[in-house]
Amino acid sequence: MGEVILTMEGIDKSFPGVRALDQVSLEVRKGEVHALMGENGAGKSTLMKVLTGIYTKDAGKITYENKEVVFASPKAAQEAGVMIVHQELNMLNHLTVAQNIYIGREKMSGKLIHDKAMNKAAAALFQRLNIEIDPTETMGNLTVGKQQMCEIAKAISHDSKVIVFDEPTAALTESEIKELFKIIRDLRAKDIGIVYISHRMDEIKEITDRVTVLRDGAYVGTIDTEEATKEDIIQMMVGRVIYEEPKSKSNVAKDAPVVLEVKNLNAGRMVQNVSFRLHKGEILGFSGLMGAGRTETARVIFGADKMDSGEVFVNGQKVVIRSPQDAVRNGIGYLSEDRKRYGIVVAKTVAENTTMASLENFMAGLFINKKKEAQVAEEYVEKLKTKTPGVEQFVVNLSGGNQQKVVVAKWLVRNCDILIFDEPTRGIDVGAKSEIYHLMNELVKQGKSIIMISSEMSEVLRMSDRIVIMCEGRKTGEMDISEATQENIMHAATRRE
Amino acid sequence: MGAGVKKGNAFTNNPIVKTVGTQKIVVIGVIIFLAIFFSWMSPAFRQYSTVVSIFDFSYYVSLMAIGVTFPLITGGVDLSIGTGMVAAGLFAGNLVNQQNLPVGLALLVCILFGVALGCLNAFSVAKLNLPPFIATLSSMMIARGLGSILVGGMSVTWPAGATEQGWFRSIFRLDANGTLIPVGFILILALVIVMSVFLNHSRPGRYIISVGSNKEAARLSGIHVAKWHALAYIISGFFTGLAGVAYAATFQGIVPGTGAGLELDAIAGVIIGGTSMKGGYGTIGGTLLGVFVMSLLKTGLPFIGLQANWQQIITGIVLIIAVFIDVTRNAKK
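Chains as they are written, first to last, in the working numbering: chain A, 1 to 497; chain B, 498 to 830.
All clues given are correct.
Okay, the calculated beta carbon distance ranges per label pair:
1) B/I533 with A/A76: 58 to 68 Å
2) B/C616 with A/Q375: 57 to 67 Å
3) A/L366 with B/C616: 45 to 55 Å
4) A/D305 with B/G750: 50 to 60 Å
If you're looking for bench data, these hints aren't it; they were derived computationally from the structure. Remember, predicted model here, so these are calculated numbers, not experimental data. Every residue, glycine too, gets a C-beta built ideally from N, C-alpha and C.
Using the sequences and the accompanying hints, generate a full structural model.
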């Protein structure tokens, strides 16, 4: 580790209603890999967006190369040598790989863009990094993992002095991760300061020198990776919040009836020959990397997307599901990973959202029976312990966790016994997360059955009775919770044909 | 999909098809089919004068279409090009008649009028962040009203071809001893090449595509998104002005209050030519081909006895097919 190249001190950032960062500090030295850790919503990405000029800070000081700086835009940060590899891929899918890498600083010959020179430079860059990608390929045709490698190559092609990696491995296969680590070690040797954001504890131990932990937007502390145990870091991350006890064995009786069976499901490229069974009272975890086809599988079962072939049995009866209406009629409810877009109508009240999927039961002639609606909504607010001032409250005013409960209520009112939770705790703060876990365990105790799609390994291990693992549209593994470990899940999640 | 995996079929993997693009090959096929079909059905269609009139109709639509390709590539649209073109032609023509402005200057005024309209759209879309549909629907109405008011509600007749001031009409249709030569086509072709190079090989062109492909990604790459977004509408305005020149040169008189609906001919041409309604992809060459399909239909259908209402129906069907191709292509990605 060399001298300090970047310090952020006392950074504050608020959004309407949320204090995203509260007096946060970070110090990066030349030639170090500095892990930035914390639960979802802890403020890691916000801090990096403040650094690179995407957000403006409310207070605090950023010192870079011994000078106080304020980067007005990502471009200004880039020009100064601070580059971020974003978690959400920022790709121009219609352009080629080389055009993406050199966007904003095209190689010119006179007034015209010199695409050939850019292709050549990109090819040389890839060769140096040992990446096999054709620079002339259209970006949209690449897999998510390959796109991520392009993004990394782009960051490196700028003469950066500080590179921020925001969860770079989320979509990579094991061999790609190995390549990435080789690249990162190479950069470290060149005295570049690296900020590495990740949830994967093993990676943190393997690749980083120091760890800074954030919790709920506040700075918790910085420690040397060597000296810290996994438990120390976890302790710093979660603080006093206690989750549901992790499961070590399945809670489902051996002879529990099969409520949902899917046989040889096919739908496009993302769902290929998927078969599985869901038992009564079971939480079936669906694990895999980004783009593994889990959400696509769920959407096909729910009738939201078209099925090419395959069979679905509910309680032993073969059913035909061509639309969400068919799925709901068969007792299947789907809780989307993107609540705001697909799950609830935020500009409506708790009561209106609760009855939305079963409005025909709340009609008095031509009109909605508001009284009955409120009654039922109140019943579920109580049952699910939804924190709301009343059922006439607009859903937009509730927290993420409580919004999720309203969606659950909607499906329970509709008598859905099979619930598909797609990333149930994404974007939800730590406390609410614990409540959602509790809720799911309550639901299965009452005899509901749950399919839980989750990209968080700890969540899968904590909640599931059984785990199905997918990779590139295929089922690549299935295991009981008693035999599941991070390692064998990851192994199956990266098993390619 | 790995780098070595072959995609598509024998047709789409053919090197010629790959360079030119599948959709353009299909459109060229349609043009050839229509030309043969109309010639076969109607002897009158085979005359030279018909060819000239196909070209005549194509000039102002082509110019509008080349321009509006840019807003469409950003994922927006410009609905003001039809009434804008007429208003520009009215305003500039009126200056010739009432103020004795030399025609050369009037043509410049006509183009500047279009640019001004483009600037208004650019301001609404890129600065005020209005949805392009609404922003340009508004300026479409403004242009229609303004055009009428500026000329006092009277038709405007630009100088006739035979007069001293009528030289500008031969920019598009040269009268060589009684034979009409559609020289405008060469002009259009030159503009198509220039704008093609601009779109695909210049920085502004690439940034306009980037805005349409993924605005946020473009912004995070340090691209001044608003600037290039605005430029797309200004280009559209510039070509609206040029279309005004072509319109004035092609027709005897310009009637206030008209022009609404002409933008749809141009936009239909662009879409048929393969530009994506969702933004991020489009070609100027395709636009020209698409306009020719429209032009052939408009000129050819009356020859086989199908009048205006039938033209509308058939054009509508062609458009549905073109958009369907666009939608399925996007779905595959």
